[in-house]
Every structure is written in C-alpha cells, then in structure tokens.
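Chains as they are written, first to last, in the working numbering: chain A, 3 to 104; chain B, 1446 to 1640; chain C, 864 to 1251; chain D, 58 to 211; chain E, 346 to 719.
By construction, these hints were calculated from the structure, which means they are not laboratory data.
You may find that some hints are simply not true.
[Claimed, not checked] Simulated crosslink set (EDC-like; lysine to aspartate or glutamate; CA at most 20 angstroms straight-line):
1) K1474(B) x D962(C)
2) K490(E) x E519(E)
3) K1032(C) x D383(E)
4) K142(D) x D61(D)
5) K403(E) x E193(D)
6) K199(D) x D673(E)
7) K674(E) x E190(D)
8) K391(E) x D122(D)
9) K142(D) x E519(E)
10) K142(D) x E95(D)
11) K199(D) x D122(D)
12) K554(E) x D544(E)
13) K199(D) x E385(E)
14) K199(D) x D383(E)
15) K554(E) x D541(E)
16) K554(E) x E616(E)
17) K1032(C) x E362(E)
18) K391(E) x D61(D)
19) K391(E) x D200(D)
20) K391(E) x D182(D)
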Amino acid sequence: MSAIGLNHFLALGAVLFCLGTYGVLTRRNAIAVLLSLELMFNAVNLNLVAFARFMPNLDGVVLAVFVIAVAAAEATVGVALVLSIYRNFRHIDLDQVDTMKG
Amino acid sequence: MIYDPNPVAFWLLAAMVAGCALAVVRARKLFHAGLALVGTLFAVAGLYGLLQAWFLAAVQVLVYAGAIAIMLLFAIMLTHNMMNPDLKSLTTQPWTAAALCLMLLAILLGGTLSSTWQTAPDTTLSPTWTPKCGFQVAEAIPSVQALGFRLLDPFTLPFEMVSVLILVSLIGALVVARRNPALPEAPEGREEKAP
Amino acid sequence: MEPIFEQFVRDLTGGFQVPFWAPMLVSLGLVLAFIALNAMFMIWLERKICGRIQRRMGPMLTGPKAWARFSMWTGGWFQTPCDSVKLLLKEDIIPAQVDRFGFMLAPVLVFMAALAVYVPLPISSTSYAQSAPIVVAVADLDIGLLYVVAITTLTILAILTAGWASNNKYSLLGGMRAGVQILSYEIPMLFALMGPMVLAGSLSLGDLVLVQHAGLFGVPLLGWFLVPSFLGAVVYLICAVAETNRPPFDMPEAEQELVAGFSTEYTAMRFAMFYLAEFSNTFVVCMIFTAVFLGGWTLPGFIPPSSLNLGFFTLPYFDLLAGMAIFFAKAYAVVLLLMWIRWTFPRLRPDHLMTFGWKFLLPLSFVNLLVCIVLAAIQQIYFGGNPG
Amino acid sequence: MSPDEFLPILQARFPQVEFRLDPLNPQALIMSASGVPEVFGWLRDAPEAAMQYLEFSTAVDSPPDCLCVVYSLYSYTHRHRLALKVDLPRHAPTIPTLSHLWENADWNEREIYDLFGVFFSGHEDLRRLMMPEDWEGHPLRKDYSHPNLTPRPD
Amino acid sequence: MMRQFPANPDLTVEEFELNMGPQHPSTHGVLRLVLTMDGERVVRCKPVVGYLHRSIEKMAENRTYTQVIPVTDRLDYCTSMTSNYVYVMAVEDLADITVPPRAEYIRVIMSELNRIASHLLWYGTFALEVGATTPFIYGFRDREKVLDLFESTCGARLLYNYLRIGGVSRDLPEDFCERMLAFLDEWEPLIREYEDLLDENPIFYNRTKKVGFLSAEKALAYGVSGPNLRASGMARDVRREHPYAVYPELEFDVPVRTEGDVFARYRIRMEELRQSARILRQCAEKLPGGPYLEPQPLRMVLPEGETYVHLESPRGDIGCYLVSQGTDKPYRCKFRTPSFCHIAVFQHLVRDCLIPDIMAICASFDVVLPETDR
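Given these sequences and hints, build the entire structure.
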C-alpha cells in the first residue's frame, strides 16, 4: 500500500457524501433523512480537515468547527419540526405529509 | 517532520466509515440506523486523529456524537412506537437513486483525483505565524493553542455569528416543538393545588 | 507511557528495542486488571461503609477470619469475588422480543466507555532516566480533559440502547431518564472544569497537575485548584455524582418507581458489565477530581527523590511509586466522600434534578469561571505565567 | 342529638317517608326506600344536622324477604352520630346512589353491589370491587353457595 | 385513549396506560394503580383492589364469638392488637360485659406499643419510598425491641391473638413495666435522631412539601381519618372525642397541622410517636392490680341486637358493626377500616403529578392492603 496521500481522504469524503445523498433520496422517514444529512456534513468536514492537513494552514480545521456548530443548529430545528409533525399526524412518513394546515 | 499517516489505521477507519454509512442508509430498524450513525461519527473522529486535528476529534465526539446523535436517538424514541418497527415503508425506488448517486460519485472522483493539489505535507503548520498578543505559539503541529488563537484572531466575526446562530436555532426549536399552549387544565385537579 | 516502558525494558534486557505496539498492549492489560480489582475492592468497601453508617457490620461471613481483632473492618473481604463468580455462572437470558443487536451492544459500549476514560489520567511522574520528569499515564493527550468529558457520550449511548432494546415500557422510561440526566449534567461539569483549564492554560491533565504543584501567586500551598476554583470543585463533584447515576441522583434505577430502570431485562454477565462499569466510572470521576482539583500525585513543596537507597538495596523509580501512593490515597478519600453521600441523602425528583442542574449549577460554574479568569490574569501579569 | 330527637324533625320535614326507631339498635332509625336522596341531602347540608362524614355503609341480608342497607353518618361540628337503615326486597334490591353527596359512598356502594347484589341507580361506575369482574353470585348473601365452600364441621 | 384538544381538534395526544402493581416493589401489599400517563406526567389514576380479599366477614359469620378473634388478627397484620380490640369491644358492648380495670390498662398499653411499632414500620418504608435507605434500618432496629416486648407477653411478634372477650388472655410478665420503661428511656431520644436524618434535608423538603395536597372538605368527603385527616387541619382523634377504655384518665395532646401535604403527615406521625411514649409512661404508673380477665363461657350466646363501635388505630378510625340474632355466632360483622377510604382518595389525589410523587403520596398515607380488601 503506497503512502496515504490527500487523494485517499478526498475519495473517502466523496464516497461518504454519495452514501449521504443516497440516504436522503431513498428514506421515507423524516428522521432517517436527518441521519443521512449528518453523513453528508461529515463528508464535507473530512475533506476540509484533509485539506487543512496537507496544505498546511489551520483554516480548514476552523471551518470544520464552524460546520459542526451549524450542523448542530440545523439538527435541532430539524428534530423540532419532526416532533411537531409527529404531534399533528401521528407518523412521520414524508410522502403523506403534504397539507400546509395547522 | 514528514507527515505520513499509518496506512493500516487509515484503511481500517475508512472501512469502518463506509460500512457504518451503508448501515445508516440501509438499516431495517430506525434505531439501528441511529447507532450506525454514531459508529460513523466515531470513525470520522478517528480519521481526524489520523490527520492530527486532535481538538476537532474531541469536539466531534463531544458535540456531534454526544449531542446531535443522542438528540436524534431521542427523537427516534419519542416518535417511534416501540411495538412495531416500520419495516414496510423503508425506501422508495432504491435502484434509480443508487444509479444517480453512482453517477455523482463518478463525477466527484473524476474531478478530485485528476487535479493536482499543491500540497506540502512535510512542513509543520504555519511556523512563522505568530498572533498579535505576543504569546508564543507552541511549535507542535495543529496544537490546541494555535487553533484557539486562529479561531479568535482572523475568524472573530464568524465565531460570534455562529454563537448567535445556535441561540436563534435553540429558541426556534423550542417554539416549534412546544406543546400547544391552549392545553385545557384538568378542571378538578387544578384548583386543588396547594395554597 | 511509551518512554517509561521502553526505558524500563532497556534497563532489564539491556537495550532490547520494543515494537511500537507493545506499550499499548501492556497498558491495556494494566488498565483491565486495575478495573477488575478496583471494582471488586470498591463494591466490598461500599457495602462495609454502608453497614457502618447504618450501624451494622456489612458482609462478614465469607473469607478467612485471619485478623480476629479488627475483623469488624476486614471481615467478609472475600464477598465480592464470590459475587462475581456467582454472576459469571448465572444463566444468561436474552428475552424473546428483545432487539438482539442493541441488547448485546449496550454492555459492550458501557464497558468500552469505562475502559477508554483511563487513557489521559496521570498517575504520577518519574524522572528516573531522563532529566525532565515525564508524566506517567497511558497517553498524556494534550486534549485530556475534553477527551474525558467526550467519552461520557458513550455511556449515554449505551444506556439509551439498553433502554430501547429491552423492549419494555419501564426500561425505555428509565433509559430516557438516564440519558437526559447525564446530558444535562455534562454541561455544568464541562463549565466547572473550564476554571482549572483557564488557570493552567492547557487541557492536558499532566500540565494541570504540574501547574498546581507550582502553586498560585508563588505560594505552593494555594496551588491546588480546589482553593482558587472552589465553586468549580463543588459543582464538579455534584455533576460527577449525577453522571455516575449514584444516589441521590439515581432516578434511572429507582427501584420503587421503575422496577430496575434500563437494566431490568439484563441478567448475569451483562448485568455484571453494567455494574462493573458503574463502579469503574465512579473511581474515574474521583481520579479526575484528584488530578484536577487536589493536585494529583504532588504534595505542596515535596519532590520525591527519583531513587531511594535503603542501605542494602536502592529502590529504583521511587518517585513513581511515591507519586502513585499519594494519588491513590487522595482518590480513595474522594471515593469515601461519595459513599458517605450515597447513604445519607434521599432521592431527588427528576424535575427538581433538572431545575437544580440548569438553574443552579450552571450559573454557579459561570461565576467560578469568572473568578478563575481573574486569578489567571493576575497570575499571568504579576507572577510571570505558568511553567507549562 | 340522639336518634329519638332526630325522629320528630325528620317526620315533620319528610311526611311522605315513614321513619321509626330501631328496637335492636339504639343509634339507628329505620326508613322506607322512597325519598333516600332528599333525606340524606338534607342531613348533609342542614346546619343542625351537618352530617359531613359518611363513616361507612353496608348491608345485612336476612332471608327470606328483607335485605337491609345501613348508612352510618357522623357530624364533625355537633359530634353526634346517626345510623339509617333501609329495608329492601331481597330478589332485586335497588336504591338511589349517594355517591354525589359523599365520595366515600362511591366505593362503599360498589362493595355492597359486589357482595350483596344491591343495585345503586345513578352510580356512574358500578362494577365489582372485590371479586373478579366475571364472578357470578354475591358471596355475603346467606343463601350463597359455591362448589369449593365447605361448611365448618362443628 | 386519545385526548382531544378543543383548541385544535385534529391535534391528538396519545396517552398510554401504565400498570403499577399488583406485584410492584413499592405498593404495600397487592395494590394495583392503573395510571393514565401523558409522557412523564400522570393524568388519572384508578386504584384496583380485591387481590387480597379473603372475605373475613363471611368467615366471621361461620365461627363462634371467641373463634373470630384470631381472624380479626389478619385484618391488619401491622396493628393486629387494635383490630382485636375493636371486635372484642363490640362484643362486650352487645353483651354489656364490664372489663376489669387492669385489663383495660393492659389493652391501652398494648395498643399504644402497637402504634409505635406500626409508625416505625411506616417511617422505614416511607423513607425508602423517598429514596433514603438508612432510616429504614434505624426504624426496624428499634421496632425489633417493641416486638420483643410483645413476644414476652403474648408469645407472638406480629399476629398476637392476645385479647379475649372480657379482658386479655394472659397477664403481663412481672418485669414487663421495667423493661418497657427501660425501652422508652433508651428510645425516646432516638426520635430526634430519626428526624435529623430526614427533616432539614433540602432534597426531602422538596420531595414532600406541597406534594399530595388534601383539603379538609375532600378529606371528610372521602372518609379519611387518623393522621391523614389531622394533617389537613381536622383535630379528630377517637381517643379524644369518644374516649374509650382508660383514655379519659390519661392526658396526651393530639398533633394537628394544616398544610395537608406529605410533609404534614410525616410530621404528625413523628409527633404521635412521642405522645404514645407519654401515654405508656402514665399507664406504667397507674397500672392497677386485680384480675386481668372476666372469664366468659367458650360458646357464649349474645342477646339479639346491633352495635357500632370504633377506636383509633395507627392508620385511622377502625370500627366494627356487629349484628347478633341471639345465636352463638355473629349474624353480621362489618369492619369499617381506614385504609379502604385512604386508597379511594388516591383517585382524587394522584392527578397531574409525576411518578416519584405517587410513591411519596401513597407511602405518606400508610396504606395496608389486607385491611382494605378484608
């Protein structure tokens, strides 16, 4: 196995990102979509940190910290929405959640 | 100081990341998907360690796996009646989505692998950079102190903006998820409350 | 750990170069052995202390009656080995409708968390071979403190999985309660630890202890962080009791209400894992308290010589052993304090627990942070910074 | 006030209900089944009676014809007690409920219904209290027989 | 069952039923509480009883008057002395037998000792409900000493079968008074120790103050009696209002509190421990000599008639309604027991509270199931 270079990390990031999108596209359940969304965030972070390490400056890691913070904020709002949907419709099956009432 | 990560560690962690991510996407039970997500987060934290971003690894475990994933697990537990896991309505048209994602993967890999990045892995991180307040930065590669000063020095505005963002999302989430305020008080119980 | 281990092997075998994975395995073995022995000793100690507080004698029957005179204190010391053997031999039932994967994963996760927490904890320091003293710990990470708090997420995860996988209403409630409790006490704990971080200017536990040894404002006696960030120490101790689900914060296993909380369905070996993990967590919490607030393995103004000659035999690594002795003495003192709290307080109600945590401990830790920042600034400006 | 002082007042106020002293029990009055809610309502609310406390209510089965329901009232302010007995036919005894006056009556009446078979009209949740729901027969009746009930040998 | 919200009709919240008991570690005996829960909060509670129904009243109808006494022991196994006493008093009232004064004093001594034993048992289990394990051991350690006194007089520790119609079955052993006074001298300062364990403790304070509030009207409506009624402000003690036996000659005061919550009930019972000790000391001085039993024929026949007699048991106002038709067996014997009403009150009390509150409230009512199910 040759020495591990930047491309290995980028490839891994890409694979993770695609799996995330696959999850978002195919899952019916709202929370499963949120889970796959977290996957995509992680893929982005991985690339950022890989870049930060290989062209040596710290901005990538700083940006990664910000991305984690934003992902946290996004996830809270996402779960809040899911809970209120669950209160109204007793299930969180995205296909049937289409009324704008209430 | 030449930086070369241990290949065995890298391939092990990469396999774990891919495996857990697949599990998140394909898991039969929703709770297993949650667990798999936590597995991915820990594997990615390991990769950050490999890339010597120690602080980020700790933050990832603490914030991501410790708060966000746990919150999602709570959401799963709250919304999911325990007795019958929803096996039936799991995925919609899986094959078309898989084809789409593979095409996306091909494009991404084509783009990244072919281009040449001007990297200089064998130098320590920004040795010359010293923050204005004159406190000498430890020489070690991305040490916590260096990251700390980096966060506050050039990135002060984004740092404050993110804290405001988190506050706003917190309050927003509370308002959205709060139970309907017009909950009728139980007639009999209420006026019996202790004086 | 690596430099000391290599030095030790080089002394013994005269220059044999150790492969890079050897110190990891050795430290893993040491930590595992320590967890097992320490848990057994602490379970027995807990029952003895509980007995003495309730004016009875605790376990007395098992074990030989060697020291009859003070058998009141040493009687029954063979009790916990018997218990553990019993637990091992009991039938290991997995109920039918249980979610097998989650059910089996939970104890493993709990034990993983209990194991992983020991990494950054410094036991003592030795300068036997090299000139500068090296901190003796599995791996003195420079994000030690943050790592320790991060590992508690594993315990939360394990408890949630156990609660969920047991597939019964009571354990789900117990699991959720435990998760919420640990989560909401992690934040005041982190803020309480920020005080010492600011004072020491670093996250690694080794540096914390060295700064404490150097003393505050030039006075070695004030060095222990217990003195400058006293509020932080109190808040940390309360959060520690809550984190390890010990009374008066033991709602998750409150037998009266939820039968046995999240570990209702677990039997024999798996229950032993939870039980062992709880006790090893308690000891870890006490080790962190000693390292962060009680000046770890140092006594103010006392530096043990690196090797002591006892006339006919020079004892090498004496400073390592002395440091370890001091460290464990302090740690067990804190353990006794926790046990004393356990048997005297009634249980808190969950909503009191929440309001107490969020509305009382958190502001208190902010105040403590402010005090520490002021003290650190004074130390920095007038007394020329930290040795770290 | 003892029962014989109560007697004239009650007879004056409720002419259509006939009261008489109970020869066996000095503290009791025997009344007819009609007008039970009004009498008890008055007893509870009238200042001179002020019976806020229903101590207990039970039934005494005396075959062949009479099943008598007993109520024992106590007034906290006047410190006096009054027992009221109502005779009912044995085969289908029904009596209006008092659970709206005293909540204590709710469970007492359920127990009487369970063990004696007295039906309380107006009781919102008249179920068996002691016996399992699907139990037939009323155990405390004198003529109650059950396969595994063996009489004592003496 | 879905609970509709009037404000927003399509918003339904699913409540789930939770069964607590009948085999639950915290319910005393076999009580089952059907709780309708809304998340962590309890919305409604329906107690279900009848699991311990032995139909003592049916058994009493097939036994002669003296054979019923051991049956009444099982009525309330924590205080079987007072259950015996109430039945025996009813029979004596019907047959108007006068009991020799020494027997009266012995009966009062026994019921007060029984009150101390029952309150100590209550103290231990109540503290355990609230989560403190140490008081349990302290309470039971001292209760053992009281049970030793019982064992020396009537041979049994829990179900004594000691009283007879017309007096007591056996005289007190000679050194009984000295041993009892020795116990009291050693034990009374310990009450202060019990209170130190719980009283000033902020956690205990939060768990019991303003929890399980019972207003005086509701208490009367539900027929609550004893310490629980006195905690809601009604100073009603049968020993004071309708004095029986030798209570008129003894002076003791009746503790009353007005808050009506769990803490008030706890304080009342701790105070009653001291009053019982005071009564016992007076009885020990005034204990007269003379016969301890007015012998009665074994198969005694009572004249036709009915009577209702009641006295103060540690749990409340226990009564016996006895009907005799001139035969040697009671025609109808109804026991009015306090726990029967106290469990009924749970429907009203356990509402809009948390699960740990239920434990505290049920424990503070000192409920015993054999008494309820009879």
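Evaluation of the provided hints:
no., hint, in the structure
1, K1474(B) x D962(C), "holds (10 angstroms)"
2, K490(E) x E519(E), "holds (18 angstroms)"
3, K1032(C) x D383(E), "holds (13 angstroms)"
4, K142(D) x D61(D), "holds (14 angstroms)"
5, K403(E) x E193(D), "holds (17 angstroms)"
6, K199(D) x D673(E), "holds (16 angstroms)"
7, K674(E) x E190(D), "violated (31 angstroms)"
8, K391(E) x D122(D), "violated (36 angstroms)"
9, K142(D) x E519(E), "violated (49 angstroms)"
10, K142(D) x E95(D), "holds (15 angstroms)"
11, K199(D) x D122(D), "holds (12 angstroms)"
12, K554(E) x D544(E), "holds (11 angstroms)"
13, K199(D) x E385(E), "violated (48 angstroms)"
14, K199(D) x D383(E), "violated (46 angstroms)"
15, K554(E) x D541(E), "holds (17 angstroms)"
16, K554(E) x E616(E), "holds (17 angstroms)"
17, K1032(C) x E362(E), "holds (10 angstroms)"
18, K391(E) x D61(D), "violated (41 angstroms)"
19, K391(E) x D200(D), "violated (33 angstroms)"
20, K391(E) x D182(D), "holds (12 angstroms)"
Of the numbered hints stated above, those contradicted by the structure are hints 7, 8, 9, 13, 14, 18 and 19, listed in ascending order.
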